[in-house]
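Peer 1: So you can see what is in the structure, the chains are spelled out below.
Protein chains: 2
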Amino acid sequence: MNSNIALPKHVKIVEVGPRDGLQNEKESVPAEVKIELVNRLSSAGFRNIEAASFVSPKWVPQMATSAEVMAAIERHPGVVYSALTPNMQGFDAALAAKAGEVVIFGSASEAFSQKNINCSIAESIARFEGVAKAAKQHGLRLRGSISCAFGCPYQGEVPLAAVADVVGRMRDLGCDEIDIADTIGVATPRQTQAVMRRAAQEFAIGGLSGHFHDTYGQALANIYASLEVGIAIFHSSVSGLGGCPYAKGATGNVATEDVLYLMQGLGIETGIDLDIVVDAGQFIAQFLGRKGASRAGNAIAAKRAG
Amino acid sequence: MNSNIALPKHVKIVEVGPRDGLQNEKESVPAEVKIELVNRLSSAGFRNIEAASFVSPKWVPQMATSAEVMAAIERHPGVVYSALTPNMQGFDAALAAKAGEVVIFGSASEAFSQKNINCSIAESIARFEGVAKAAKQHGLRLRGSISCAFGCPYQGEVPLAAVADVVGRMRDLGCDEIDIADTIGVATPRQTQAVMRRAAQEFAIGGLSGHFHDTYGQALANIYASLEVGIAIFHSSVSGLGGCPYAKGATGNVATEDVLYLMQGLGIETGIDLDIVVDAGQFIAQFLGRKGASRAGNAIAAKRAG
Numbered sequence: 001m002n003s004n005i006a007l008p009k010h011v012k013i014v015e016v017g018p019r020d021g022l023q024n025e026k027e028s029v030p031a032e033v034k035i036e037l038v039n040r041l042s043s044a045g046f047r048n049i050e051a052a053s054f055v056s057p058k059w060v061p062q063m064a065t066s067a068e069v070m071a072a073i074e075r076h077p078g079v080v081y082s083a084l085t086p087n088m089q090g091f092d093a094a095l096a097a098k099a100g101e102v103v104i105f106g107s108a109s110e111a112f113s114q115k116n117i118n119c120s121i122a123e124s125i126a127r128f129e130g131v132a133k134a135a136k137q138h139g140l141r142l143r144g145s146i147s148c149a150f151g152c153p154y155q156g157e158v159p160l161a162a163v164a165d166v167v168g169r170m171r172d173l174g175c176d177e178i179d180i181a182d183t184i185g186v187a188t189p190r191q192t193q194a195v196m197r198r199a200a201q202e203f204a205i206g207g208l209s210g211h212f213h214d215t216y217g218q219a220l221a222n223i224y225a226s227l228e229v230g231i232a233i234f235h236s237s238v239s240g241l242g243g244c245p246y247a248k249g250a251t252g253n254v255a256t257e258d259v260l261y262l263m264q265g266l267g268i269e270t271g272i273d274l275d276i277v278v279d280a281g282q283f284i285a286q287f288l289g290r291k292g293a294s295r296a297g298n299a300i301a302a303k304r305a306g
Numbered sequence: 001m002n003s004n005i006a007l008p009k010h011v012k013i014v015e016v017g018p019r020d021g022l023q024n025e026k027e028s029v030p031a032e033v034k035i036e037l038v039n040r041l042s043s044a045g046f047r048n049i050e051a052a053s054f055v056s057p058k059w060v061p062q063m064a065t066s067a068e069v070m071a072a073i074e075r076h077p078g079v080v081y082s083a084l085t086p087n088m089q090g091f092d093a094a095l096a097a098k099a100g101e102v103v104i105f106g107s108a109s110e111a112f113s114q115k116n117i118n119c120s121i122a123e124s125i126a127r128f129e130g131v132a133k134a135a136k137q138h139g140l141r142l143r144g145s146i147s148c149a150f151g152c153p154y155q156g157e158v159p160l161a162a163v164a165d166v167v168g169r170m171r172d173l174g175c176d177e178i179d180i181a182d183t184i185g186v187a188t189p190r191q192t193q194a195v196m197r198r199a200a201q202e203f204a205i206g207g208l209s210g211h212f213h214d215t216y217g218q219a220l221a222n223i224y225a226s227l228e229v230g231i232a233i234f235h236s237s238v239s240g241l242g243g244c245p246y247a248k249g250a251t252g253n254v255a256t257e258d259v260l261y262l263m264q265g266l267g268i269e270t271g272i273d274l275d276i277v278v279d280a281g282q283f284i285a286q287f288l289g290r291k292g293a294s295r296a297g298n299a300i301a302a303k304r305a306g
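First to last, the protein sequences are chains A and B. Per the numbering used here, the very first residue in the first sequence carries number 1; after that it's consecutive. Per the numbering used here, the very first residue in the second sequence carries number 1; after that it's consecutive.
Keep in mind that a hint or two might mislead.
It does not matter which identical chain is meant; a pair holds if it fits inside one copy or across any two.
Stated by the list, open to error - In silico DSBU-like pairs for lysine-lysine, Cα to Cα no more than 35 Å straight-line:
hint, residue 1, residue 2
1, Lys12, Lys98
2, Lys291, Lys98
3, Lys303, Lys58
4, Lys12, Lys58
Source of the hints: derived by calculation from the structure; they are not laboratory data.
Pulled out of the complex, with its shape left as it was, chain A reads as follows (with noise of 0.2 Å):
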């Protein structure tokens, strides 16, 4: 009877549909589509939204108009505009774009990290030192992504120790956050219990953010079982935007709206206004000429339906 875990009363949703989202999803998104979805974003309360990613568009054809949208969308006092950097060209360009944040990143698994970019994760997370630095230089705000942090398609299980070791291999690149990601979905809650608590032993827990994929079906509860342990920061994906590379026709990126209505129920603050991301919402289902992927959405939209 757990009456007495406190859970955190604010948490900070980080926006990740624009950028981890939509490069997911088969179809490329015009830039106008995406600065009008970071806009109504930016209005609904979002603090952090991850707009764009500066990689080759060779490799990601789906992020090739990240200048350009990252220079039309409307700026909101406050909100941290997040960008993808997989070196110093692309570090260069997020800073003429004005991001507020730059993302690098790596995985917690020996096996994607061969599979993926063929060096090992020391290797890949050294890479980002000009990075860290340059971010520090120009007091932009550094957030280190670890992927596969419960679970690898390559390798399956994925060692404690080895999250903590990429944990570690951020914080002292100089990360002020640091993401606990579950790539292909496939935690539950007390695995991330467990994965959470080792990943505190190494970064200040305020700057943890869980980032869950509803593949199969457990974000939400993963979710929960993160504020129990003092998780405070969470990724989500507007209209569960993205899908799962690894299991075609699956589930990617827990729904924001889904989430948003967990922290509510929950009397959590977030400061988002979940009317405004429903909207948002079925703009880009609407746009991608499907039914949205959150079920809090879904359910919103058909009882103003009526």
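For chain A, the structure is supplied; the task is to place chain B on it using the hints.
Peer 2: Only chain B this time, still in chain A's reference frame:
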């Protein structure tokens, strides 16, 4: 930091897809398809399957073949096949059909009771006295199902005292098991725990079950929260069968595959083979001509397909 909350080691999953699920699908499913579905579920290892409703076919045409289904299914030893029995006529039919358990029902919402059956909660429960007595006489299990225990489409909030009152009435009728149902899927985890704790003051917690809908995506989080307070029986519907009659196009019953994936991850025994359930889910989704509503089911099927 809740490392010390022990979860139940075993839980009973009541598969409600063939009745609660299919009753809420637009399309009526022929008896032979239901029979095949129930048989597949029986071989998956469920100990309890809600398979029939002996209600007027004028009101619920989807259930008109209940006697035919109950007569033709393979009876697996140790499996209880349940039937809804709104009245003595229904009870007699359930008895003749060799149901192992009869289900009576009521609402925790006065407004819902009035709107739906035009009488008070107290009156509606009292009407089941005959069925309850007959069940005892004939040695059938008696289950009481309480709808709108977490919220009502008409009155909104439902007081804890109202839930407690109905639980007490169901107990006094002699129920062996009582379902606390989130008919419209609005509950969140802390509310869930409060309702379950209150219900457990009126009835042995081992006989309380959680019936959650995934309308707002909260079902698995609520199930996890229920486990934390000791609930060890849950309802679910294969492939997420059944919509939400109060929000068209929204999700209904939580999907069995998602619940089983959660239990596996938590190391909780169910005695059920998830792979066979995934197959059963694919079978019925294919019949209905749509993608299943279970995220775990879809992910596992996608993974199998490579």
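Peer 1: If a hint holds in the structure, say so; if it does not, say that too.
Peer 2: Going down the list of hints, with the structure as the test:
1. Lys12 / Lys98: Within one copy only: 21 Å inside, 55 Å across.
2. Lys291 / Lys98: within (33 Å within a copy, 42 Å between copies)
3. Lys303 / Lys58: So Lys303 and Lys58 pass the 35 Å test across copies only (28 Å; inside, 43 Å).
4. Lys12 / Lys58: within (33 Å within a copy, 52 Å between copies)
Every hint from the earlier list agrees with this structure, and none is contradicted.
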